[in-house]
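Trainee: First to last, the protein sequences are chains A and B.
Here our numbering is used: position 91 in the first sequence is 91, and no number is missing along the way.
Here our numbering is used: position 144 in the second sequence is 290, and no number is missing along the way.
Hints listed in this document are in silico derivations from the structure and should not be mistaken for laboratory results.
Possibly wrong hints are sitting among the right ones.
Said to hold, decoys possible - Computed far set for chain B versus chain A, every beta-carbon distance over 12 angstroms:
1) Q159
2) E160
3) L162
4) P185
5) A192
6) D193
7) S194
8) D211
9) G212
10) T242
11) D243
12) A245
13) E246
14) H247
What the hints assert, rightly or not - Per the computed footprint, the stretches of chain A lying under chain B, defined by three or more beta-carbons under 8 angstroms from a beta-carbon of chain B, are:
15) 16-27
16) 31-39
17) 80-90
To be verified - Residues of chain A placed beyond 12 angstroms of chain B at every Cβ, according to the derived structure:
18) R12
19) D45
20) A46
21) D47
22) D65
23) A70
24) E72
25) T93
26) E100
27) H101
28) R103
Quick caveat, the model's predicted, so the values are computed rather than measured.
Don't be surprised by glycine CBs; every beta carbon is placed ideally from N, CA and C.
There are 2 protein chains.
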Amino acid sequence: MYSDDGFRELGRQECLVLLVRAPVGRIVHTRHALPAVLPVTFCLDADSAVLLRTAADSDLARSVDGVVVAFEADEVDARAHSGWSVVVTGRATVVTDPAEHGRLSRTGPRSWVATPRDVFIRIEPELVTGRELVGGRTAYGVDLSL
Amino acid sequence: MYSDDGFRELGRQECLVLLVRAPVGRIVHTRHALPAVLPVTFCLDADSAVLLRTAADSDLARSVDGVVVAFEADEVDARAHSGWSVVVTGRATVVTDPAEHGRLSRTGPRSWVATPRDVFIRIEPELVTGRELVGGRTAYGVDLSL
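Excised from the complex, chain A in its bound form (with noise of 0.2 angstroms):
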């Protein structure tokens, strides 16, 4: 992320157990033409991709199929200054092979809400990136992040 502020950046394998625990991350994508967030349950493939689930006729699954989107998830202890925050950019698919499909369907991300036809999203892990506020100490400064 950024270089120049003072936070320590985290190594990709530092940031994929991160996810893992992450309950809820946030898709970032552009939609009509505004920048667009939405928080998403999620799960990690095994391959580190990221996967959503949605509904198949969803603005979601149209706005990102064959696009580059950004992931990201956090943890903030806003009493001691402290957390992490991890993005995941790469292209998004959703998947339309039937075998993966059901193969996710096993396995894959589970929906908070009932859905009529449902559709996976896949975000591959083409750059991962993180850093780290441990207490507000940091070598030098910079702002408000995290």
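Assemble the complex: chain A is given as a structure, and chain B must be docked to it using the hints.
Mentor: Leaving out everything else, chain B in the frame of chain A:
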């Protein structure tokens, strides 16, 4: 946000009340032609503009000045399958007026880390949207979201 997915849409005033109690949000923008998202502390100005504070020479300040961004905050209870999400979409500007900078230094958002020289970023609340899910109960279904 998405009107076809069964979540309860929140009114502007409801959204602003929820934003006030959120300790952290996320600014969504474009960086090097890729979607970018960064957790930030913030507060609301008297006219409901979102106020952030960052280092004057940060990538964030350079990336968002003068462009339309999204700012998101949420609160999710993974056990109860409930939560809310609010998004403010509008033009971001770095505050350059010295009097305004002085006012925000006294009343604006605080940094969690020391900053050698900082600026305030103001996001106009042109579009304020939000949605809520209470205990997974919705009239009809979609997806994963929240």
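Trainee: Quick check: which numbered hints come out false for this structure?
Mentor: Violated hints (numbers, rising): 4, 23, 24; every other hint is consistent with the structure.
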